[in-house]
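Student: So the chains spell out like this:
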Amino acid sequence: MPSDPDATEPVMPEPPGDRVPAVTPERVLAGLALLVPIVALLWVSSYDKTDPPAGGVPFFYWYQLLWVPVSAVFTVAAYLLINRDEKARTAARKAGGAR
Amino acid sequence: MKDVNVPALVVFVLFFALVTVMGFLASRWRRADDAAHLDEWGLGGRSFGTWVTWFLLGGDLYTAYTFVAVPAAVYATGAAGFFAVPYTIVAYPLVFLFLPRLWSVSRVHGYVTPADFVRGRYGSRPLSLVVALTGILATMPYIALQLVGIQAVLDVLGVGGGEHANWFVKDLPLFIAFGVLAAYTYSSGLRAPALIAFVKDALIYIVIIVAVIYIPIRLGGYGHIFDAAAHKFSAPKSGGSMTLPDNKQWTYATLALGSAMALFMYPHSVTGVLASKSRNTVRRNMAIMPAYSLMLGLLALLGFMAIAAGVGQGDKKFNAQLSVPQLFADMFPDWFTGVAFAAIGIGALVPAAIMSIAAANLFTRNVYKEWLKPTASPADETRIAKLVSLLVKVGALVFVLGMDKQAAINLQLLGGLWILQTFVAIVGGLFTRWFHHWALFAGWAAGMAYGTWTAYGIASPATKHFGGNAAAIPGIGEIGYIGLTAFALNLLVAVALTLVLRAVKAPEGPDETRPADYSAEAGDEEPENAPEPVAAH
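Residue numbers (the working numbering), protein chains in the order written: chain A, 12 to 110; chain B, 34 to 570.
No lab work stands behind these hints, which were simulated from the structure alone.
For glycine and all other residues, C-beta sits at the position ideal for the given N, C-alpha and C.
Once the Cα atoms are required to be at most 25 Å apart in a straight line, the calculated BS3-like pairs of lysine-lysine come out as: (1) 60/A with 265/B; (2) 310/B with 419/B; (3) 497/B with 349/B; (4) 98/A with 310/B; (5) 497/B with 350/B; (6) 349/B with 265/B; (7) 270/B with 350/B; (8) 419/B with 406/B; (9) 60/A with 270/B; (10) 105/A with 310/B; (11) 350/B with 265/B.
Non-contacting residues of chain A with respect to chain B, defined by C-beta distances greater than 10 Å in every case (computed): (12) 35; (13) 36; (14) 40; (15) 63; (16) 95; (17) 99; (18) 103; (19) 106.
Kindly produce the complete structure, drawing on both the sequences and the hints.
Tutor: Next comes the structure, spelled out in structure tokens:
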């Protein structure tokens, strides 16, 4: 995963109390993980060529096919990150409600 | 008239009989507590877990027409036809962002259709109506195209009777297939396609895996296949190429993006999503749906295999839509051809069932109950929806038989363009209430008008109007997908008019949703519902 050094830091300062801020490292990373396959596939000029071929298949075709499993890995990563984020939010809400 | 392929036909009919039995038995599967409620017939009780949803969505989105049309496009144009692959890759990360929110708000408020959500969010009946009508309009030709998929298979099997047969003999198998489909959809609702999707997807996977291994062995390997394709496209006026010419790259990217954005605006996709039992089920599915994309990519390569196998060679009038069914018939032993054709045929039934249910839900909730009979009970809604699902299928059948097949293909292209114009209202609404509902209405109208008008002006060898889906993008000068350009115009109008309407303090409709509704998970709505949601049902 491409790691943007700034992205791992929360953009907003942590507000006081147990409220989870809208922008968390998990959410930013998940957003990036989702963005990578979209940008890669829409950047058509980066793969619009026949060389190098693989097993007789021109680059144009095997490269895009390869992105199918790769994009799934990125989406799974986003899923795990968002899951963590939502668990933290639920915990914070429960703690807030118990006050 | 071609000879009938008997072994293939027998296998085909056996599979067809199997799914018919399953379709009728499906009404007993996970039997409902309250069978009269539209949630049961129209959304399978909102109870499907991760795997059922995966099969259902796969069966729903990857239709028989896809199986026929995608390799046909590759067969005819080469690289340009491959855009279906980036399209399905881009789609899931994109919708991952907003579908969980749509699921949550729909669960809290009992929404069955995207137009229900628009009604609740903006409190605007006209906006909700146009979203519903756009959905119905875009779905109808799509159902019709499923019939075209079955017809292609029947033709190659030899039971279609060819061009010169009496129309009744020619279309009798189609009548039977659709009659059976209509009957079990009527009795079992969304449970029927959900159950049949298991058979459909399993068959499709088997056929594709066998095809991409067995056919290249018979044809002398992938290297030879791509050489043959390159040879075909190197001829002058071949109409295709192995990579994209520079001026087609924008078209490729905008088609992929626009189609990906449109995919989950289609009512039948939303139906599949809302039928799942939890927010996390939706998310998990966005991560595992690419398995189908891989299959689609391999399937696209079958177009090249058809070229290498010499399918349609020398026949100037060969219908590219038949290239893959013909390839199967030429390459496979007869009994396996039957399996492959059963996969395509059943692959038409599942989406046709879900689409007709989705269109019926839209009509019932957003036209009938909203405008004609506001006092309709949930049992009335179910009764009407069942009847409408029949009407929709009859309509699709008349459409395919009565009109030019080209018209169905044109309209389906337009359908994608149209449904994309509901994106701003639906996805915008999932994140913000900033847009004014009249601004969204105007944006929708502008996008629809621009897109339809531009598409009307495009001619192709096959048709005088609606001959393509790409045109020059004003201000950029590249050729791009008309639907996406129309979407940009739609968004621009919606933003500009919202600013104006806010400046003059135009009155807005009530919003029945609350921020917490958009992140609600199954089971936690009760304790959080301090103010009772209005008009939940």
